[in-house]
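Student: Chain A is fixed; fit chain B onto it per the hints.
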Amino acid sequence: MTKRATRVLIAKPGLDGHDRGAKVIARALRDAGFEVIYTGLRQTPEMIAEAALQEDVDVVGLSILSGAHMALVPRIREVMNASELQDIPIIIGGIIPDDDKPVLQQMGVSGIFGPGTSTEEIVAHINALVDAHNKTSGGVSTPS
Amino acid sequence: MTLADDVLNGSRRALARALTLVENGGAGADEILTALFPRTGQAWIIGVTGAPGTGKSSLVNALAKAYRAEAKTVAIVAVDPTSPFSGGAILGDRIRMRDLSGDSGVFIRSMATRGSLGGLARTTRDVMRVLDAAGYDIILVETVGAGQSEVDIARAAQTTLVVEAPGLGDDVQAIKAGILEIADILVVNKADRPGADNTVRGLRAMLELGHPAAKSQMISHHGQMMKVQSAAHSNDQPLWLPPVIRTVATADKAAGVETGIGELIEAITAHRRFLETAGMADQLERSRMEIELYDRLQNALMARLLATVGEDRLSEILARIQARELDPHRAVLLILEGQEIA
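Those protein sequence lines, which keep their order, are chains A and B. Take 1 as the starting number for the first sequence in the working numbering and just add one per residue. Take 145 as the starting number for the second sequence in the working numbering and just add one per residue.
The following block holds chain A by itself, in its conformation from the complex:
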């Protein structure tokens, strides 16, 4: 009751229609005790930022299989920052070439999970992000 439930947005930006991965992850996060806001396919950056804001999520998880991550992720980060969501971390699941990873990480993507990642690894990563955030903001944060 007093323990804050961790809320994670799982969204699939872009135009490819393969949402099985996103659903598997959503299910695994549910089984790990998270509240998963699942928004489904073909989300625009604006829709993702809006959902992240309204739902007050701790982490935004993006599933990207289309290869468009270098276009989508910066745009999503930009729109989220414009909505004062710069403190909300982004994690990515999908097929991301090794060369792109450092660039994405520089944009503030905290975790990139390719095929074969265990769900335990993702859960541990999210828990670490939430713990770190709680430490810096002293629990519940209040906008100034």
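If you're looking for bench data, these hints aren't it; they were derived computationally from the structure. Mixed in with the good hints there might be a few duds.
Coverage of chain A stretches by chain B, computed from C-beta distances (three or more under 8 Å per stretch; other residues unrestricted) [as the list claims (entries may be wrong)]:
{"id": "1", "segment": "36–42"}
{"id": "2", "segment": "86–94"}
{"id": "3", "segment": "101–110"}
Selected chain A positions facing chain B (Cβ under 7 Å, derived; list incomplete) [what the hints assert, rightly or not]:
{"id": "4", "residue": "Arg4"}
{"id": "5", "residue": "Gly33"}
{"id": "6", "residue": "Glu50"}
C-beta: ideal position from N, C-alpha, C; glycine also.
Tutor: Then chain B, alone, in the frame of chain A:
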């Protein structure tokens, strides 16, 4: 500036954070609810309940769009179940509400039940209150896919819609107690499907067999539906007869398919007008407040009592009950009176 001030000034981030605070409970929640309470009581709260798959989310989406067309601001609270095993949840109602994205006059919040069984979460009432204070004209509350007895929504909303779809059960389902009785408006969604006429007929027949009691009687008595009188016994009160409205929530009006949403909005307006002219809106609010006061009093008293008794004492008494040395009834007296009762 406090978080409450930011909420009242229209900050959406502050509103989202306030909702989280309230949902998690505790001292922070109490503080902000106290600050916001004087500003509540303005919104019209519409509950949407019904079995899983009847189209509640799509209907909420369509209603929100219609209210936006009237320039009313809309908040949506969508409740989905928490897993009893992991405590996690998948909140997927936004999938059906993508039409509403990008509209700053709409605020959608998903909630998990977190162990509550009545179709809403324990804190849904408080979440609604924050949205009310934030100035939304209409609050649409979508319950979990409800079966027959998840009737909390009737105590939280001013107008309750019960959504049915064709092909879900025979006429006997329609005369069972529970969820149908709480409807102010019955909606047969997916009305373009075969069997819709039968469903409408079944519901109308149910209404002819006996009208649900005046709602104030249903929801009063300290949060329990103790007494449901038939229409014949409540002549002194004006009676609202729940209309049965057919809708196709996902239909495209532009393609010439009738959605029924216009009729539904009219029915909701008529219900609101009925409650307001009959003076029942005040009366309902009073019983709602009464229920809430008793609920909170009960919880507070319980917490206080348990704190004074202590866990050791409780487990000792529990052991004696299990050993059949003490029966549960006398155990209660023992705890309350603090001594052995012969």
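Student: Could you tell me which of the numbered hints above are not met by this structure, giving the numbers in increasing order?
Tutor: Violated hints (numbers, rising): 2 and 3; every other hint is consistent with the structure.
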